[in-house]
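A.B. asks: Based on the provided sequences and hints, a complete structural model is requested.
Line order of the protein sequences matches chains R and G. Per the numbering used here, residue -19 is the first one in the first sequence, and the count goes up by one each step. Per the numbering used here, residue 967 is the first one in the second sequence, and the count goes up by one each step.
It cannot be assumed that every hint is accurate.
In silico EDC-like links for lysine to aspartate or glutamate, alpha-carbon gap of 16 angstroms or less [unchecked claim]:
| no. | chain 1 | residue 1 | chain 2 | residue 2 |
| --- | --- | --- | --- | --- |
| 1 | R | 170 | G | 1083 |
| 2 | G | 1041 | R | 181 |
| 3 | G | 1048 | G | 1036 |
| 4 | R | 225 | R | 102 |
| 5 | R | 117 | G | 1038 |
| 6 | R | 26 | R | 120 |
| 7 | R | 117 | G | 1036 |
| 8 | G | 1059 | R | 164 |
| 9 | R | 117 | G | 1031 |
| 10 | R | 150 | G | 1083 |
| 11 | R | 154 | G | 1083 |
| 12 | R | 34 | R | 164 |
| 13 | G | 1065 | G | 1083 |
| 14 | G | 1041 | R | 197 |
| 15 | R | 117 | R | 164 |
| 16 | G | 1015 | G | 1003 |
By construction, these hints were calculated from the structure, which means they are not laboratory data.
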Amino acid sequence: MQINRKEFLKKAGIAGASLIAGGVLYSLFKGDDIITAVVESSAQTKWAMLIDVKKCAGKPDCSACMTACHKGHNVPAIDDIRREIKWIWKADFGNVFPEHTSEYMDVAVRSQKVIVACNQCDNPPCVRVCPVGATWKRADGIVMMDHHRCIGCRYCMAACPYGSRSFNWKDPRKILSGNDIRVEYPVRTKGVVEKCNFCAERIDVGEMPLCVEACSEGAILFGNVADPESDIRRALAGKYVLRRKAELGTNPEIYYLV
Amino acid sequence: MYDGTKIIPGILLFMIVLSFPVWYDRLNGSAVIPAPEVKTESKYCVMPKGYMRSNHMVLLDEWRDSVIRDGDRSKVFAGIIKYDKSLSNSCMKCHNNKKNFCDRCHERLSVNPTCWDCHNLPEEAAHAN
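C.D. replies: Here it is, written out as structure tokens:
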């Protein structure tokens, strides 16, 4: 078959263009599923928490979980709301679940305190924005923080829709007095971001998170939701539970029984 | 050689000035290699002394990465003892005097590791009790 120069260039052009178009189409359809309502996971372990708001509200003055956590992780107590550091704290129901609150809701109900912490999202926005890989999702779902790598840019704080992250504006060692420091767990340094880590250091050695252990009401249930036989899966199976801002697609792993 | 009487003493003087840090240290007695104080009942460290002396920072980095990044909190065997991969909870249980152990070499070599910005010293434990 005889082929002239013009014909050859034409055919080569068509072939090249279709190759590129194919690649583009493929990547478009395959995509990086950024927002997926339910992320399918084949992980053997996925840690999650179920908080019973009613049990918790029965003891409004209790702060056992917060004290245990903050003491155990050397979290300094700072009164200034703009500088404070929180791993686990209480917030009004109306602020935690604005989408489940109406203006006619009784003030007492709306201002009922709910325990909040880092939601250990399945699709964590903080991880997506961290430029240095200082925060990432472990295979068991825990969103970890590596303070060695954190450069304090606070992108993660801007990305987190729950305000679960705090920045160390001051050297926490200057706020914690010598007696408050638990030697086994490190303190942070000025200029890094910190948050709840689901007590990864305890889970890894087979212990329950500090808040779960500290709660006398048994209001916090912790377990592996990847295991259909686990207590938390049984508790979740037949109940109507809430998750904070689940519509954002972050897929939070803290469930609330209201 | 032209002007040899000036050049040779000049070179000698230059060499003396150049080697100032060496002979000044010798004369002052400050050229002694620092001896970190090891006060421990345990006979077993995680690695031989020579390796630890030159590579402890590599080992600590590996421990850090395996514990935090990989979540591998398995223990390290040394002789008959199991140790956690932890600076505060293993190393500094034996080598509990930072001033006489860590700082002696670090100061001499002018290195400033930031470990203790966050990780706690056993002195603080004594303080807490």
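A.B. asks: Please go over all the hints and tell whether each is borne out by the structure.
C.D. replies: Hint check:
For the suggested pair residue 170 of chain R and residue 1083 of chain G, the alpha carbons sit about 9 angstroms apart, so the restraint of at most 16 angstroms is met. Pair hint residue 1041 of chain G plus residue 181 of chain R holds up; C-alpha atoms about 13 angstroms apart against a cutoff of 16 angstroms. Using a Cα cut-off of 16 angstroms, the hinted pair residue 1048 of chain G and residue 1036 of chain G is violated, with the two alpha carbons roughly 20 angstroms apart. A distance of roughly 13 angstroms separates the Cα atoms of residue 225 of chain R and residue 102 of chain R; the hinted pair therefore holds under the 16 angstroms criterion.
Our distance criterion of 16 angstroms between C-alpha atoms is met by residue 117 of chain R and residue 1038 of chain G, whose separation comes to about 15 angstroms. For the proposed pair residue 26 of chain R and residue 120 of chain R, the alpha carbon gap of about 5 angstroms is at most 16 angstroms, so the pair holds. Distance hint between residue 117 of chain R and residue 1036 of chain G is fulfilled; the C-alpha atoms sit about 11 angstroms from each other, no more than 16 angstroms. Straight-line distance between C-alpha atoms of residue 1059 of chain G and residue 164 of chain R comes to about 11 angstroms, which keeps the hinted pair within the 16 angstroms bound.
For the hint linking residue 117 of chain R to residue 1031 of chain G, the alpha-carbon distance of about 15 angstroms falls within 16 angstroms, and the restraint holds. For the given pair, residue 150 of chain R sits about 12 angstroms from residue 1083 of chain G by alpha-carbon distance, which is consistent with the 16 angstroms threshold. At most 16 angstroms may separate the alpha-carbon atoms for a hinted pair to count; residue 154 of chain R and residue 1083 of chain G meet this at roughly 11 angstroms. Only pairs whose Cα atoms come within 16 angstroms are accepted, and residue 34 of chain R paired with residue 164 of chain R is rejected, the gap being roughly 34 angstroms.
Proposed proximity of residue 1065 of chain G and residue 1083 of chain G is supported: the alpha carbons are some 15 angstroms apart, at most 16 angstroms. As the CA atoms of residue 1041 of chain G and residue 197 of chain R are separated by approximately 35 angstroms, the hinted pair breaks the 16 angstroms bound. Proximity of residue 117 of chain R to residue 164 of chain R is assessed by CA-CA distance (about 24 angstroms); at most 16 angstroms being required, the pair is judged violated. This hinted pair checks out: residue 1015 of chain G and residue 1003 of chain G have alpha carbons roughly 13 angstroms apart, not beyond 16 angstroms.
Checked against the numbered hints above, the structure violates hints 3, 12, 14, 15; every other hint is satisfied.
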